Every structure is written in C-alpha cells, then in structure tokens.
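Asker: Listed here are the chains, written in short residue letters.
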Amino acid sequence: MALNDPSNPQGQPLPLFVPSKWDREKQGHFVDSPEHGESSTGRGNRPAANMLPQGGLPGVITGKLEQFAALGRANSLWTLTFGLACCAIEMISAHMAHHDFDRFGIVTWPSPRQSDVMIVAGTVVKKMAAPIKLLYEQMPDPKWVIAMGSCATNGGPYYRSYSVVMGVDHIVPVDVYIPGCPPRPEALMDGIMKLQEKIKRDAKEGPSAQPIVASSEEPTPNEATETEEQETHGAAASST
Amino acid sequence: MATEYDTGQTPETVDMMLNMGPQHPATHGVFRMVLAVDGERVVDLVPHIGYLHRGSEKLMENETYAQVITLFDRLDYVSNFNNELAFVRAVEKLMDLEPPERAMYIRVILCELNRVASHLLFAGTYALDIGAMTPVMYTFRERERIQNLFESVSGARMMHNYIRIGGIKEELPDDFVHRTRKLIDELRRGVEETDKLLTFNEVFLARTRGVGMIDAATAISCGLTGPGLRASGSTYDVRKDDPYEIYDRLDYDVPIGEYGDSWDRYWLRIQECYQSLRMIDQCLDQLEPGPIMPQMRRIARPPKGEAYAHCENPRGDIGVFVVSDGTNKPYRVKVRPPSFCNLVALRQMVQGSYIADAVVVLGSLDIVLGEVDR
Amino acid sequence: MEQQPPQPNDSAQEKTLGFPPTPEAGGKVPPRPARRPPHEEEAPTEVLNERGQATAAALGRVVGSRASSSGGRDDIPWVLVMPDHLFEVLSLMKEHPETKMDMLHLLFAVDYLDHLQLIYILASLSLNQKAMVKVDLPVAGDDAQATVDSAVALWEAAGWYERETHDLFGVRFEGNPDMSPLLLYEGFEGFPGRKSFPFNEYTEY
Amino acid sequence: MTELTAVTFSEVSVIAAALTALLTGLSIIVLSLVWIERKFLGRIQGRVGPTRVGPFGLLQPVADGIKLLFKEDASPAWANKGIFWAAPLLIFIPSFVLWITIPFSNDWVVRNLELGLFYFIAFSVLSIVGLVLAGWASASKYAVLGGLRSAAQLVSYEIPLIMAILVVVMVAGSMNIVAVVSNQESVPYIAIMPLGFALFMLAGIAEVGRTPFDIYFAESEVVGGPFVEYSGAHWAVFFLAEYINTFLIAVMAALLFLGGWSWPFGDLPSLAGLALFMGKTYLVVVFIFWLRGTYPRLRIDQLMSIGWKVLLPLSFANILIAAFQLFYGWPSWTLTLMSLGVLAVPVYFQIRVQRQPAMERARMYAERAIAHRARRPIAETGAVARTVTVKEPSA
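Residue numbers (our numbering), protein chains in the order written: chain A, 67 to 306; chain B, 358 to 731; chain C, 2 to 206; chain D, 5 to 399.
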C-alpha cells in the first residue's frame, strides 16, 4: 500500500497551494464588507431615518412619530422564511405551536418584499453568499438581520472550511447575534426580544452602531462617539 | 435580460425558465430547481445543489475520530442518532470491535425514536407544501415530546454527540424506561391523529396520488433507497437484508408500496412510524443492565485499512467509508448520503407534471440539504 | 506527535469509562482504567466472512484475469482493475447473472498522495451482495487530471457522483453529458478534496 | 333625468360623509377580521395567537397596519412603473365602491339602488383586471404566473356566483337588496334554496381565493402570487382589499340567503336587527377561516374541473328548478324539495366514494390519476416532448 511510502512520511508539511484570488468584481460590489473578509464589526442596520425628510420639520415633531412607528415595527416583525441548515429546524419549531412566535406578532413570509427581519439560520456557504446579498437588497428599508447560530455568527463548527463564509456579517450588516449550535427556540425568542428593544431604542436615541449579543448580560451602552459626519452619512445612506 | 438557450423547437413556442431559487418556501432549505415550464406543465427540470456544501469531508480529515462524530450529527440534521451510528459502525468494523449488548439496545431505541421524529417532521412539512397549515403544528408538538426525551438522555435537543466508538457516552437517566413507555403511547396517538387527519383526506389524495411515479428498475438505477424505493415495490431494507446491531432479534415488518407515487412514499413513512414504535417496545422489554462501554483506549486509533458500513436512515441507505492510516485522525471519510441519491431520480418523476406537482414530488422525497451537499 | 497518555498508577481495578468521579470515593479522582498495551503495528485484519467469500468467488469468475489484485473485509470483496478495463468490468458485473450488480452504491476517490484511487461500490439487491471495484489513476500534484470513461450509461446514479468527484478531485469522466460544477461554484480554483489542498489558508471572504 | 342634474351641495356632503364613515367602518371591520383570523387559526392549530400586543393581542392588526404604512415602498427596477402603481387601486376601488348599495339595516344604506344586485355583480368582476395587471407589471415570473392563475380562477368561478344571485333575484322578484331582505321576513332563502346557498358559498370562496381554492396566493408554489413585488403601503392596499372581499362575500351570503336583519318571529328594532345581521356575517366569516385552517390546496386543473364540470351544471339546474316553481306557481316548499334533490346527486356520489374501504379509495384515485396522465401526455398538450438543453439564464 502506498500509505507507508518512506519518501513522504506523514509528518512532512505538504507543498502550500495558494490559488489566485477569486476576483471579487464578478460577484458585484459588497456594501461595507472590507477587502480581506474580516468581520464588518457589525455596524448594525440603520432603520430608515423617518418618513419626513431630515432637514424639514424640527426633530421634536418627527421624534414622537419615529417612536410611534418603531412601536408598530417592533410588534409586527415579519420574518423572511430563509432556513439554511440545522438552525432552520429549530427556527421552524420556534414558530410552531409549542413555542408560538405568533404571540409576538411574528409571521413567516415567503417573499422578501414584505418581510422586515432576515433570520439567517444556518451555515453561510460562499455559493449562497450572492443570493443572501440579493435577498437583503430586495427587502424594503427598515430591515434587520438576526444571525442565528454560531455558523452565521463566525462559521461555527465549519470554521476555516474552504467553502464557508466566516459569519454572515461579511455580507450583510447584522443586528443581533444568537450563540448556540443550534440555539434553542427560547434563545431565538430572546434574540427577537432584544431586537425589539433595539428597534425602540434606535428610535429614541437615533441609530446606534452596537449589535447585541443575545442571552448575554446587559448590552454595552453605545458610547455617544458618533461623529456628526457619520450621523448624516448614516441617515443619508439609509434614506436613499 | 438576454436569455440564450438552444431548444429544438421554433422560436414562437418557447418554454419559460422558472427558477425555484435557493430561497423558496417549498424547497426545504437551499435547493434550487430550474424548471422549463410550458404554461403550467413542467417540460424539464435541472436541479442545482451545492448551496450548503460546507466541506465536512475535508474537515473530517483534520479531526480525531471522536470529533468527527459531531460533524456527522450536522450532516442529516433531522435524524442525528442514525448518522452517528453509521460512522461509529464503520470505525468499529475497522477496529472489529463489538459494542456491549446494552449499548446496542440503547442505540437501536434512540435511532428508532429519531426515525419517528424525522417521519413526523416529514409529514408536517409535506402537508405544508400541499397547503394544509394545521398538520405541521400537530406533528411538531409530538416531535417536541421526543426532543424532550432526547434532551434528558444526551443533554441536547438535536446535536446529541451521544453514540461513541465502542458504545455510548454515558448511562441512561434512571426514569428512561418508564418515560419512554409513556412517550410511546403518546406518539402512537399522535401518529394516529396525523394519519386520520391527512392520509385519506380527499384533497390530499387528489393532490398526491399518481404524482411523481417511478418504477422499481429506474429507481434502483438512479440510486433511490429507503421509503422512496420501497414505495415502488422493492423490498430492500438494510435492517432486514443486512441486519446490524440487534435488528435481527426484533420482529417487525417492512411496509411496501404499490404505485411508487408521492402518496405511497408518504403512507410508507407513516406505517414505518408504527413499526418503529413496535420495535422500541420490544427493545425496552429485552433491555437489561450491563456495561455500556468496552475497555479501550481513550483516543481511538484503528489499525491501518479501510472499512465500509451502511445503515437504514429515515431517508434511505446511509453508507460510510473510512480509510485509516493508523493515526488518531481518519485519512479519508466518504459518506453515501441517501438524499443526494434520491435527488437524481427527481427529474424522471417531475417531467410532464404540473408546477404544483413538482413541489409535491420534492416534498415526498424528503431531502435534507445538509446531507445532500455535505 | 500524539502525546502518550499518562500511565495508570498501581491499582488497575476494573472500572468502565464514562462514569464521572463519584464524590464518596474519598473525594479523590479514581485511578485511570487499565490501558491496552501501546498500539503496535497490527497486521490489517482484512478477512472475509463466508458471505464475502461467496461474493469474492463469483467476482473472480466474472472478472477473471482483468483484476490485478483483490481482497476484502467482512462481506465486501474488492478488485483492483486497470483504468482501460474499467467500463468493461463494470458492465460485466452489471449484466452477469452471477453478480447482477443493479445498483451503484457509491463512487468516490481517495487521494494517496502519489496516486488517486477511484472506488466503485456496487450492490445487487436481488442477490443481496456487495462488491468494490478499485482503479488506481496515476495522477499526482495539484492540477494534472486523470481521465476515465463514465459509467452513466450503466447507472443513472453515476452522473452526480462523477460530477462531485470531478469537482473535489479533478478526475475527468468522458461520456458524462454535463460536467458543470455540482457542489462548488463557477469561479472556484483548485480541487479541495485533494490532500495538497490546504485546510485553512484558502480565504476569499 | 332632471333629478340627477340638480344635485344640491348638501346631498353631496351627505354622501361624502357617508362614504368616509363607510371607509373608517370598513377599516375597523378589516382590523377585527385580521384579529379573528389569527386568533381562530391559532386555536385550530393548538396555539395561542397574538397575545403580547395590547390586551388579548387586540392591537396586533393595528401594529401591522402602522408598520406597513411606514415601510419603504420598493418597486423593482424593471417593473412597468405606471401600471405597477395603479394595479392595487384597480383592486381596491371596485371592492370599496360596492359598499354603496349594501344596506346594513332598513334605512342604513348610502344609496339604495333599484338595481342593487346588478351593481354588485358589475363591480365584483373588476378586481380580476387589477390582479392580472399587478402580476404583469411587476415583471417577475412568479407574479405573471400568479396573475394568470388568478384570472383563470376568478373568471371560471364568476359564472356560478352570478347564476346563484340570478336565482335569488328570480325568487325575490326584485334586484333591490332591501326588497330581497324584506321578502325573507318569514323564511330565509337558505331554507328555500339550499343548493343556491351551497353554490354561492363555494363560488364566493373561490372568488376571494381562500384556502381550498387559494392557488394564486399559494405561498409554496407561486410565492405570493401577483403581489410578490409589492411592499409597504401598496401591499397593505392588497391586504385590505382581500379582507374586504372576504367580508363582502360573507355580507352578501348573510343578506341574500340568511335573511339579513329580518327575524322570522316578529319585528326587531333596527339596532337589534343590525346586531343579528352582524352575527350572521361573522358566522360566515369564521366558517371561511375555518376552511383555511383545515383544508389543503387544490391543484389548478382540479380547481378548474370543479368549477366547470360540477358548479356550472348545478347552477343551470338551480335556475331550471326555480323557473319551474315560479312558472307553475307551486308553493315554495316544492322548490326546497327540488333543490335538495339536485343537491343530493353530487352528495350521493361523494358518499358512495367515501364508503369504500380507505385503501380501495386510495387505489381508485391512483388509477384515475394514471388515466388522466395517459389521456394527456406531455407531447399532446402542445409542448413537443423534448429534452431541452437548459442553459443558465445569462443574466
């Protein structure tokens, strides 16, 4: 058997093979995912500033409207049916009779046009990266992303595999990370409730940059270091 | 959007390329079908997979034998115990190691319970594909009961990592036998409820009967195994033809279909639930105390060589080929995923049917994408 | 490279693994169980059971001289065949009344660094027997591609198996109608299944 | 004709006020429908339904409405902007304008037209145009498929619906809805023509696209039908129109067949009459939601065959027996008997099939499906049987 071939005992390092960079243009330009694939430090989603243009009416009038809208948005989150792998089974059983998601007003919707939250439940594979980006772009604006499970957070058990994207925040900005492999339906509910808090808090204090790691202790208070320029950039970017 | 395709017909009648994309409520995960559609009739179907190819077989070559079991849990993430059993049997064959009696009985009980849970999930999502929103709620309620038991046994609802090379991880909780007997009665009632609700429902019969028919010969040549093959009349069941663990000591019968259509595949799985519950009853009677793990090294190091073992998964015949080079990491692991092979037969079944039938046939094949793409 | 586990101390009483250290054993962790002698080079115990011998006999009669070497374990005998005899052997095993292998159970490649071994696992449901046909393809290094003629004509299942083996190992199969990538995507360079493909340096995302 | 021209300002303001009251009333009713549906479906499926938003989840529809109003109104780049924007209105306006002639009690009606039922039929057909346009304008293959499916279904179920109403007009003798209801003082028409009621309900559910017949909004096949590409306020208009149509069918069923606000044993003050009428309507609405919770979906060819091969002959028979009874002047209970007789024919066939042992029945369905496939092989249906070498659409 060629296995115990003296010329190449098992211990010797194999010739390193570095294929040419897969040219990124072919896959189109990915918003805010930097060159070498590090995580985009989860800047989180900026909900559409509000119905009324920023410069027009003074903030105080739109402020209350914004919180009123956030209340409506938080209590009727329509998720996009988008199960990738094992976490999808736990997400389905979270929607079912035992742990009922309908109590929170959460309905799964097949089409991205009518959904608000994209729960990325499962391993994000490179072949699936472009469709995920397309779905994210198709969702109308006040939208959020929940990375469910350790695969969507940073690749999970398939860490450093050749065909897995190390975390969905390389592709889309993520709001809530839910640890677990797969996280229990209760953990998913905890993540949803944290997202609802974030929606209401964003409306009160303006879009925050801190993502929330669900089922951890209190989320770190976002320090008010948002520079003015970034603030308008954030509002402009999200309201176009 | 210029679309070039060369078809053998004149340009005025051109088929529409309908893309049931990776994100589609009926494709059970990330499976993509490009249907060449003429009005509502499906002329041709080209399946695209690979949207969940995580490269598990490559990762397995860099992990010790105990760690590989966790990757096997995540292959067919609906029937976890059966996957673990497949890999562990291949390694035990390599080390020609015989697990103790009690370990084999516990493995069979857990695998059959997992088969019932997998068939319940299939029945629920199958009804959802056809449009009935309610049966999925009832079947998932039964499934929660099984998952609670699994949680008491192995600590996890889905990814158990409980079956180890040579035996099982730890002793069962002491109220296991009593709790399982109670669970079997509840499950029997649950499966009967789904059976009464759905199986002979007029609209369900009209939608699934005579849809996606395939005869035994083409099915075998396509590699279709499990309930899909038995629906077309073949009697191939690994537990009967090539018995492993203690399946030869249990008496149960294997349901066989007649027409090989989507209804037969559904009906077969419901009957298999009843047979599995019967098997668990017998196993619980024959279960007696004893060691659960043989005397062996903590880190398994099988001798150099290769071995192939296959078991009966809820979806078909899962085979695992392990090549070992004497170290504590496998040199090469190859999995024969039943869902991957069942998909090869999808094209013959769907040609000539309607779009709605394509969804029904895909549902009746009960594929799990984690296993198809590995 | 695999550190030697600590030697058990004197008392080697019988203790099965898996039980957590029980507190009433004086609070100290019980000694580790006795360990089998360190693993010496065991001869590969590839012995066929009686069913395997019957299949091996039938296989020998059917394949005859074309097999350069053979062996087997438990009930699955295998036969090593030259690449150009491959299609002939496979079709023989499919049609011959003694073997009647009507199902291609599994087709895959194993990379033994200096050559690539292609393994066909065939099963006959009517006679309830299984057999393996192995082919050694002289290909080494990263980009050279061996070519074998495809078995799609015999079994439909071979189509997808061959596309997957082509994706991961770069084995070319003539006669397969469409060899587009099955598991990987268009722009993927390199064959990930091969041992020369690194585990974790390949990042684009 | 002169009376039409001299419309004084006060009359216009009265009608305007009535219309705004109608719109707000309808919105509140739609909110209640959404709440009832989610709670009732929850109960059927063994779960609780929305409880977190307001007491017993009462504010859940309000939350949905607010969210939809503040949602971005995205439209695909390659959509046909004009039609894309107009299609939801084309569905909403007919289903809203219908409410002018629909009376809620003797004198509670915006404008009691003499040809009330004719007006109802004329406008209930218009929503098909909106659906097909929505499907075509959003330029997604699923939307086009959904649009074509809805056109096929609505057209083929419009005829039994109209014929069922025709029989009611024949028996009641007038098209004025208030007159129809007053004719049912003693005996509601469901007792006189049960066949008519069954036809009306079946065709009505198919009109609205509710579950046994919901093939154009089938989320597992056509992912949301014609309104796949709509989002935000535009989609809310579809959502509103769909629920208003469901309520419309329930109201018409209550008015034409269940006797509306008339109470057979003695006269009722108008408020109690309204309550009774609302009770009957919500009963029919709950029946429709009940069907949604329990039945799977029919395939398009089965749905068409039921529409053309079963409902149509029955509606012809319905007209015939009503004509006999009116021409010869027989008492009305004879019409009931004839109606039950005709209804017994399909019911008898169904019972005969049901009484077979279950496996026998399953085998019979398989034989029927095989025969159906043999009769219409793919080649003969106009598409030449060919293996198309499908290339990746290059977009």
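I should point out that these hints are in silico values taken from the structure, not numbers from a laboratory.
Given the structure is predicted, the values throughout are model-derived calculations rather than measurements.
Just so you know, even glycine gets a beta-carbon here, dropped at the ideal spot from N, CA and C.
Heads up, some of the hints might be wrong.
[Claimed, not checked] Where chain D lies over chain B, by a calculated footprint (3+ residues, C-beta under 8 Å):
#, stretch
1, 472-486
2, 509-519
3, 586-595
4, 616-622
5, 709-715
Asker: Give a verdict on every hint.
Answerer: Hints, one by one, checked against the model:
1. 472-486: Our answer is that it holds, as 3 residues pass the Cβ test (under 8 Å) against chain D, meeting three.
2. 509-519: With 0 residues closer than 8 Å to chain D, the stretch 509-519 of chain B misses the three-residue bar; violated.
3. 586-595: With 0 residues in contact (Cβ-Cβ under 8 Å with chain D), the coverage given for the stretch 586-595 of chain B is violated.
4. 616-622: Since 3 is at least three, the answer is holds.
5. 709-715: holds (count 5)
Of the hints listed earlier, those the structure fails to meet are numbers 2, 3, in rising order.
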